[in-house]
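Enquirer: Sequence:
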Amino acid sequence: MNLDAMHLLALAAALGWASGLRLYLTVLLVGIAGHWGWIDLPPGLQVLASPLVMCAAAALAFIEFLADKIPLVDSAWDGLHTLIRIPAGAALVAGMVSGWAGDHGSAWSVVAALLGGGLAATAHAAKASTRAAANTSPEPFSNIGLSLAGDVAVPTMLWLAWAHPLVFFPLLALSLAVMATLIWLCFKFLRALIQRVRRPSPA
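Our numbering numbers the first residue of the sequence shown as 1 and each following residue consecutively.
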């Protein structure tokens, strides 16, 4: 499938957003789509269709799938991936638009990287803060439920961006609004929890 401007923009936004939640699964799914010819990957992303890259992404996606289901381990994994997901999301989106805008391709790649990094940062911050708040509860079911929701959301949004971009954009806007709200609520909750822990107990 050759990408028109609408599909390109939708897929670029989906890549940035999905990278903040499930980076390795995103890389794997894009690589599979390019390898099997479902979409024509731009030059900046053709390396993702390499069998070596797909195998590495599959192994890391499996590790992430397991780590994300274990309380506290999930937050440690998120903390580590603060340094990975955001720049990777920026790089994937820049690679998606590379070579698209002719003489202005370099400028558009920089703009795309900034937007992709912003989308990845928003999704990552929402995920990390929500999971940190969930870890204050001793039961594991909320963690597993939130993790499974992310497992389903990433391939669903990537597919919608490819197949139904006009449906994807309103859902992306809604998800970003929900994520911004979750970030604010979770940071407020965690700050109050930290202050309560630090407050000296009455004698």
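Hints listed in this document are in silico derivations from the structure and should not be mistaken for laboratory results. From the three backbone atoms N, C-alpha and C, an ideal C-beta is built for every residue, glycine too. Incorrect hints may have been included.
What the hints assert, rightly or not - Label pairs and their in silico Cβ distance ranges:
1. 182 to 70: 19 to 25 angstroms
2. 191 to 50: 21 to 27 angstroms
3. 4 to 188: 31 to 37 angstroms
4. 47 to 187: 24 to 30 angstroms
5. 4 to 189: 40 to 46 angstroms
6. 66 to 110: 35 to 41 angstroms
7. 4 to 190: 42 to 48 angstroms
8. 139 to 66: 15 to 21 angstroms
9. 46 to 187: 35 to 41 angstroms
Enquirer: Next step is simple, just say for each hint if it's right about the structure.
Expert: Against the structure, the hints:
1. For the hinted restraint 19 to 25 angstroms between residue 182 and residue 70, the CB-CB distance of approximately 21 angstroms keeps it satisfied.
2. At roughly 44 angstroms, the beta-carbon separation of residue 191 and residue 50 lies outside the given 21 to 27 angstroms, and the hint is violated.
3. Range check, residue 4 to residue 188: Cβ separation about 42 angstroms, and the 31 to 37 angstroms hint is violated.
4. Taking the beta carbon of each, residue 47 and residue 187 are about 37 angstroms apart, not inside 24 to 30 angstroms as hinted.
5. As the Cβ distance of residue 4 to residue 189 is approximately 43 angstroms, the hint placing it in 40 to 46 angstroms holds.
6. Separation of residue 66 from residue 110 is about 36 angstroms and conforms to the stated range, judged on CB atoms against 35 to 41 angstroms.
7. Checked against the hint of 42 to 48 angstroms, the C-beta distance between residue 4 and residue 190 comes to roughly 43 angstroms, which is consistent with it.
8. In this structure the hint that residue 139 and residue 66 lie 15 to 21 angstroms apart at CB holds, the actual value being about 19 angstroms.
9. In this structure the supplied range 35 to 41 angstroms holds for residue 46 paired with residue 187, their Cβ-Cβ distance being about 39 angstroms.
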